[in-house]
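J.: Use the sequences and the hints to build the structure in full.
In our numbering, the protein residues as written are 1 to 164.
Any given hint could be a false lead.
[Claimed, not checked] So the derived label-pair ranges between C-beta atoms look like this:
hint: 1; residue 1: HIS89; residue 2: SER134; range: 38 to 48 Å
hint: 2; residue 1: HIS42; residue 2: GLU151; range: 38 to 48 Å
hint: 3; residue 1: VAL92; residue 2: VAL39; range: 33 to 43 Å
hint: 4; residue 1: ALA11; residue 2: ARG47; range: 11 to 21 Å
hint: 5; residue 1: ALA90; residue 2: ARG47; range: 44 to 54 Å
hint: 6; residue 1: ALA126; residue 2: ASP91; range: 32 to 42 Å
hint: 7; residue 1: SER4; residue 2: ARG144; range: 41 to 51 Å
hint: 8; residue 1: ILE10; residue 2: SER143; range: 35 to 45 Å
hint: 9; residue 1: ALA147; residue 2: SER4; range: 37 to 47 Å
hint: 10; residue 1: ARG144; residue 2: HIS42; range: 30 to 40 Å
Everything labelled a hint here was simulated from the structure, so no lab data went into it. We put the CB at the ideal spot given by N, CA and C, even for glycine.
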Amino acid sequence: MTESFDSYVIADGAALLRFAHALTGDHHLAEDLVQEALVRTHRRWHRIDQPGAYVRKAVLRQYLSWRRRRSSGERPTDVALEEPVSADHADVLADQDALAALLATLPRQQRAVLFLRFYEDLDDAAIGELLGCSAVTVRGYASRGLARLRESAPDSFARNGRTS
Numbered sequence: 001m002t003e004s005f006d007s008y009v010i011a012d013g014a015a016l017l018r019f020a021h022a023l024t025g026d027h028h029l030a031e032d033l034v035q036e037a038l039v040r041t042h043r044r045w046h047r048i049d050q051p052g053a054y055v056r057k058a059v060l061r062q063y064l065s066w067r068r069r070r071s072s073g074e075r076p077t078d079v080a081l082e083e084p085v086s087a088d089h090a091d092v093l094a095d096q097d098a099l100a101a102l103l104a105t106l107p108r109q110q111r112a113v114l115f116l117r118f119y120e121d122l123d124d125a126a127i128g129e130l131l132g133c134s135a136v137t138v139r140g141y142a143s144r145g146l147a148r149l150r151e152s153a154p155d156s157f158a159r160n161g162r163t164s
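T.: Here it is as structure tokens:
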């Protein structure tokens with residue numbers, strides 16, 4: 001391993017933070033996840049061959065572990081979307097917030113699978129490897145998560161096919 005820990009954090013720290021923020025939906029919790037994952041990987045840094053994949057997996061595992069903790073303060077909220085008047089930047093941001101709130105209602109495994117599939121563009125085998133389960137299990141989580149999103153999404157949101 002020729003890359004130093006400091007240079008890795010400087011180069012990929014922002015991407016790790018975006019990754020964690022997309023998982024948690026909260027900037028401060030994302031910072032906590034990344035920090036904890038980096039603390040844990042720093043101890044083993046000289047033995048890590050692929051730091052990018054290793055640290056991302058550490059962030060994902062911290063997220064899954066964090067979601068199980070009783071101290072977790074994240075609570076899903078009810079979201080009511082109205083029919084859009086125009087497609088300006090504010091509407092796009094409102095839809096992104098609404099989608100994030102809907103994703104927050106999913107169980108952690110379903111949310112992680114959907115995030116890794118659609119945000120990280122990973123296939124089922126790669127997601128299964130990250131989560132420690134089979135590709136069939138990944139497809140089951142994705143199917144149930146998407147079905148739950150369809151159920152809970154307001155009609156106007158689902159009818160317009162707006163997901164971003």
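J.: All the hints need checking, so say for each whether the structure fits it.
T.: Consistency of the hints with the structure:
1. Evaluation of the 38 to 48 Å hint for HIS89 and SER134 yields a pass: the beta carbon distance comes to about 41 Å.
2. In this structure the supplied range 38 to 48 Å holds for HIS42 paired with GLU151, their Cβ-Cβ distance being about 42 Å.
3. Look at VAL92 against VAL39: about 36 Å separates their beta carbons, and that is inside 33 to 43 Å.
4. The beta-carbon spacing between ALA11 and ARG47, approximately 20 Å, falls within the hinted interval of 11 to 21 Å.
5. Between ALA90 and ARG47 the beta carbon distance is about 48 Å. The supplied range of 44 to 54 Å therefore holds.
6. For ALA126 paired with ASP91, a C-beta distance near 33 Å keeps the hint of 32 to 42 Å intact.
7. For the hinted restraint 41 to 51 Å between SER4 and ARG144, the CB-CB distance of approximately 42 Å keeps it satisfied.
8. Judged by the Cβ atoms, the range 35 to 45 Å given for ILE10 and SER143 holds: they are separated by roughly 40 Å.
9. Between ALA147 and SER4, the C-beta spacing of about 46 Å keeps the proposed range 37 to 47 Å intact.
10. Range check, ARG144 to HIS42: about 36 Å between beta-carbon atoms, so the 30 to 40 Å window is met.
Hint check: no violations occur; every hint is consistent with the structure.
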